[in-house]
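Q: Below are the chains, spelled out letter by letter.
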Amino acid sequence: MSEENKIGGAALLVIWIAALAISLVAFYGLDHLIMNMQGLPLNADLTPAG
Amino acid sequence: MRSNRQQSIRRKGFSNRLGWLLSLLAVLLVFSVTPVFADMGMGGAEQRIAPIGRVHIAGQDFVPAADSATSEAEAPELIAAPRTSRKDYPNIGVSSRAVVWILAQLHLFFGALVLAVPLFVLVIELVGLMTGDERYDSMAHEFMKISLTGFSITAIFGGSLALALFLLYPDFMGYMMHVFGAQWLVYAGLFFLESFFLYTYYYGWNAMRYGNLKWVHLSLGLLLNGAGMTIMVMANSWATFMMAPSGVNEVGAVIGNIWEVMKGPLWNPINLHRFIANIGFGGAVVGAYAAYKFLSTKDMEKRAHYDWMGYTSNFIAILAFLPLPFAGYWLMAEIYAYSQQMGITAMGGILAWLFIVQAVLIGTILLAGNYYLWAGMSRTEGSKRYKPFIGFIAFVLVVCFLTWVTPHTLMLSASEIAQLGGSHHHILGPLGIMPAKNIAVNLMLIVTFLSFQLYRRSDKVATVSWAPIGNALMVAIYVVAIVNIIFLGVYFGYFTNTVYKVGSSVAQVSSTLVVIIAGIVIDSLMFKNAKTLPSHWGRIPDRAQYALFALPIAFTWLMGLMGYVRSSVKTHWHVYTVMKDNSPDNFIPTIGYAGNMITIVTVLFLLFVLFMFWVASLSGTKQAKPETVTEGGVA
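Line order of the protein sequences matches chains A and B.
Read the first sequence against the working numbering and you will find it ends at 83, with the numbers running on by one and no gaps.
Read the second sequence against the working numbering and you will find it ends at 795, with the numbers running on by one and no gaps.
Worth flagging that the hints you see were computed from the coordinates, not collected in a lab.
Note that the structure is a prediction, hence the values are computed from the model and not measured.
From the three backbone atoms N, C-alpha and C, an ideal C-beta is built for every residue, glycine too.
Possibly wrong hints are sitting among the right ones.
Unchecked claim - The following label-pair restraints were derived from C-beta to C-beta distances: (1) A/Leu46 / B/Ile577: 47 to 57 Å; (2) B/Val621 / A/Leu46: 18 to 28 Å; (3) B/Lys547 / A/Ala51: 26 to 36 Å; (4) B/Gly551 / A/Gln71: 29 to 39 Å; (5) A/Ala43 / B/Lys688: 21 to 31 Å; (6) B/Ala493 / A/Asn69: 16 to 26 Å; (7) B/Val624 / A/Leu46: 19 to 29 Å; (8) B/Lys247 / A/Asn69: 57 to 67 Å; (9) B/Phe326 / A/Asn69: 31 to 41 Å; (10) A/Leu46 / B/Met594: 22 to 32 Å; (11) A/Asn69 / B/Lys547: 37 to 47 Å; (12) B/Gly509 / A/Leu46: 49 to 59 Å; (13) A/Val47 / B/Ala493: 38 to 48 Å; (14) B/Asn366 / A/Leu46: 54 to 64 Å.
Could you build all of it, start to finish, from the sequences and the hints given here?
A: This is the structure in structure tokens:
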């Protein structure tokens with residue numbers, strides 16, 4: 034907690050947005066990867082491509 | 161001084177000893193598979209397999225194969241599975257199945273316990289050696305002490321089960337002996353080895369406590385576990401052969417070698433499932449011992465010790481429990497792949513209702529495990545930071561639990577169907593199918609891991625500069641994983657075809673595993689060299705101990721229940737599609753009857769466990785020397 038106080042509000046906001054963005058990309062990629070591995074390809078909008 | 165010397169010895173010889181340990185492991189593995197290779201031989205499989213069609217069915221004339229070029233005298237004779245009639249099953253006045261059911265289940269309960277305890281005892285002992293904290297060593301020793309009586313009880317029930325099977329199902333056992341052949345002798349030999357390693361491991365604990373001897377002791381523990389695990393996978397092959405026979409032809413004649421008989425399609429899924437479940441079960445049972453000891457003493461030092469022991473047991477039980485549903489999914493997927501009919505019998509017919517009962521029991525385990533962790537947070541002041549999360553976790557657990565126990569098809573009377581407007585409830589009906597259950601299971605596991613993570617963090621303050629980034633990333637992973645699991649379940653589960661619906665459940669499981677792995681990695685790095693807040697072992701409400709009692713009861717009942725499902729999917733076969741069961745009990749027992757049987761076995765097991773605890777306590781009790789009474793008063 035004390036470390037967070039040393040970081041400014043704007044920087045903290047950037048950290049949280051970046052963390053969220055990274056996680057979204059990671060899980061989006063994970064969904065494509067796992068479904069593809071099973072022979073079930075997905076479109077970019079995650080609808081079934083098969 | 162002794163500690164310094166030990167550390168020095170550890171530093172100097174650590175890599176050598178680790179290499180030694182790994183070599184022993186390699187020897188153990190070779191030893192485990194040697195009978196298999198010995199039996200296979202070089203090209204042995206081809207030599208042993210006779211042409212299909214040259215089968216001798218007991219009680220019938222020998223029929224030579226029409227296209228066989230081999231003469232009758234040269235070719236080995238194949239023996240089909242016996243075709244039994246009612247008179248082939250001795251009548252002892254009570255249900256043979258009930259007798260075997262009780263003995264087999266008690267043997268399995270104790271077998272699971274005594275196979276699991278040495279596994280985590282070895283790990284705890286190793287942690288004690290690595291950290292130099294002797295408390296781990298003492299705890300590991302005490303865990304072994306508790307389970308020691310269990311080995312004898314397991315052997316007694318195992319022997320009784322074998323006698324009952326030979327007496328009550330002689331033809332079936334004759335066939336199994338014929339199929340597995342010399343493997344039975346290997347199995348018996350492994351018991352001797354396991355007993356040797358068990359007694360040297362337990363009784364040699366204090367004699368091999370330090371220095372090089374400690375590594376000898378750890379190696380004995382490793383060999384004990386190697387023998388135990390080999391026994392388990394061998395016994396599993398009998399159960400899976402009965403469900404999905406391999407290495408035999410359509411009439412049950414053996415056409416493959418022992419390895420082909422053992423490695424049926426369900427063998428590895430069962431091996432993994434039982435391995436994980438045993439650890440969870442073992443952790444739950446020894447947790448009850450810690451709770452019992454905690455509640456029965458007022459000595460604060462002892463309470464602190466048993467509190468720590470209880471926490472460790474709960475940790476083992478729940479940690480092993482987290483991946484268990486996924487192993488269960490794999491097993492069911494393989495059952496469906498082997499025989500869709502068998503899969504539907506399990507999950508679409510009468511037995512499907514048991515999966516609702518299963519949900520209740522798993523919900524009980526998760527609620528009890530989480531409650532114990534929340535109560536345990538009172539051990540440290542630092543936990544106040546995380547108290548607000550408890551309400552959220554409890555809410556998610558309860559909502560998911562209710563979703564999981566919602567049935568799809570209700571057993572209704574005609575008037576009830578008319579009142580409801582159909583056989584399915586128009587709002588709750590969609591919650592009865594697998595996509596909703598998958599969401600519920602994954603979310604319950606994720607929030608249970610969150611409870612663990614918060615508990616682990618409660619006595620620490622991160623000192624690394626990137627702690628805010630680590631926290632933000634961890635929260636983001638939780639949020640996105642939860643959204644992803646719900647999205648996958650709802651979209652693919654209700655709005656796409658079945659293939660995508662089933663496939664999306666794998667992506668859901670992967671999301672859950674990502675959360676768990678990311679949580680372990682981030683916390684390991686972030687709390688390295690963290691500031692530690694004082695923790696007061698023993699400062700936990702007494703009521704939290706009842707959660708530790710709930711765990712083994714729910715685990716035991718659950719194992720009994722799912723064992724009934726696993727065995728019942730064979731329907732009227734001893735060995736599925738190969739050897740028919742023509743005994744008076746050749747039908748799936750009703751749920752009510754099975755419920756009573758499982759309850760009886762669970763109660764019996766718990767009584768034996770109490771006996772085991774009592775014996776463990778007895779060994780540490782010393783009677784005071786009676787005062788000598790003399791004439792005229794006490795001397």
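Q: When you take the CB atoms of B/Asn366 and A/Leu46, is the distance between them in 54 to 64 Å?
A: Given a distance of about 59 Å, which is inside 54 to 64 Å, the answer is holds.
Q: B/Val624 and A/Leu46, beta-carbon distance inside 19 to 29 Å?
A: 21 Å, holds
Q: Should the hint that B/Gly509 and A/Leu46 are 49 to 59 Å apart at their CB atoms be regarded as holding?
A: 55 Å, holds
Q: For the range 16 to 26 Å, tell me whether the beta carbons of B/Ala493 and A/Asn69 fit it or not.
A: 19 Å, holds
Q: If you check the beta carbons of A/Asn69 and B/Lys547, does the distance land in 37 to 47 Å?
A: 42 Å, holds
Q: Take a look at whether the Cβ-Cβ distance between B/Lys547 and A/Ala51 falls inside 26 to 36 Å.
A: 29 Å, holds
Q: Should the hint that A/Ala43 and B/Lys688 are 21 to 31 Å apart at their CB atoms be regarded as holding?
A: Given about 29 Å between the Cβ atoms, the range holds.
Q: B/Phe326 and A/Asn69, beta-carbon distance inside 31 to 41 Å?
A: Violated - the Cβ-Cβ distance for B/Phe326 and A/Asn69, about 53 Å, lies outside 31 to 41 Å.
Q: For B/Gly551 and A/Gln71, compare the CB-CB distance with the range 29 to 39 Å and indicate the outcome.
A: Given about 38 Å between the Cβ atoms, the range holds.
Q: Tell me if the beta carbons of A/Val47 and B/Ala493 are separated by a distance inside 38 to 48 Å.
A: With Cβ atoms ~44 Å apart, the hint holds.
Q: State, for the Cβ atoms of A/Leu46 and B/Ile577, whether the hinted interval 47 to 57 Å holds or is violated.
A: 56 Å, holds
Q: For the pair A/Leu46 and B/Met594, does the Cβ-Cβ distance stay inside 22 to 32 Å?
A: 40 Å, violated
Consistency note: the structure conflicts with the earlier hints numbered 9, 10.
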